[in-house]
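J.: Chains as they are written, first to last, in my numbering: chain A, 1 to 163; chain B, 1 to 137.
No lab work stands behind these hints, which were simulated from the structure alone. All clues stand as given, with none of them false.
On the chain A side, residues computed to face chain B include the following (Cβ under 10 Å): (1) Phe43; (2) His61; (3) Phe68; (4) Ile98.
The structure displayed is predicted, hence computed values, not measured ones. We put the CB at the ideal spot given by N, CA and C, even for glycine.
Spelled out from the first residue to the last, the chains are:
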Amino acid sequence: MKDVLAWYIAGPLIGLIVPLLLLLREKQFGVSSSYRFIGSKFFKKIDYFNYKSGKDKWQFHFALGLVFAGVFSIYSGGFQIDAELQESTKYAEIARTIYSADNILFFFFGGIVIGFGARYANGCTAGHCIMGVSQFSLSSIVSTVCFFIGGLFASLVLIPLLF
Amino acid sequence: MKFVLTLLLGFLFGSILIATQAYSWFRIQEMFHFDSFHMYGVLFSAIATAALSLFIIKKFKIKTISGQKVVLEPKKLEWKANIIGGLLFGIGWGLTGACSAPLYVLMGMHYKIGISLFLGAMTGVVLFGLVDKKIPK
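My request is simple: use the sequences and hints to build the entire structure.
T.: The structure is reproduced here in structure tokens:
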């Protein structure tokens, strides 16, 4: 894989989003509360979504920025998925199957587990792994360890079983 | 104004994720197979930078843009929720190669995959909303 921004530049830049959000927007870095915010627009009848959603509104705007970054990358030549599929890494064969158009259901069901898990654990890679662990919060350390155990299980056991 | 600022910060975050390929299914597989240090480097250095920034903010009592004290609210420890929810989220991450932020990035990059993931995630969140009060925390 070519032209990757080195981890020692990308990591610190991502880390700097934390103080930027805190100082400029008075918000704690996180992404997955945006799902709850979006849910609150459609499912007010469910208690979980009938909450003071205003506090999570910024996260929805933050998420919009993420989507725009994705769109922009296509026009700036950063769209890499198809290029990666042409390469012959050891995962390429599985990736071609997974990324094929017929596999929308795979991503849909994967998404269900991501959404359910993120809200159950009360955070994701952003809120727990980066924001929470940098505060040495026990809840976030426990969650982050479990993210990795779950990920290892999926990647090393489930994927070979499924494909 | 706040909206534009938040949008820009999201755009910045997304662009870094793209440049360092954190949205890539390959990068996530590499990480869980311990084939490359790249993603670990990204995560560890992001955490270290965030922790150092928080330390500096506390040490020098840096105020926010509106002159407020920086107040951090740590997430509440809920053993069962953190463990079970964490494991489920991790499984979704390992399978699809996407977590919450790259999921949004993918919506912009590859609408078929991104929107499938997003609709899935929303379904998962609604399911969680339905059982929230009944599951162990």
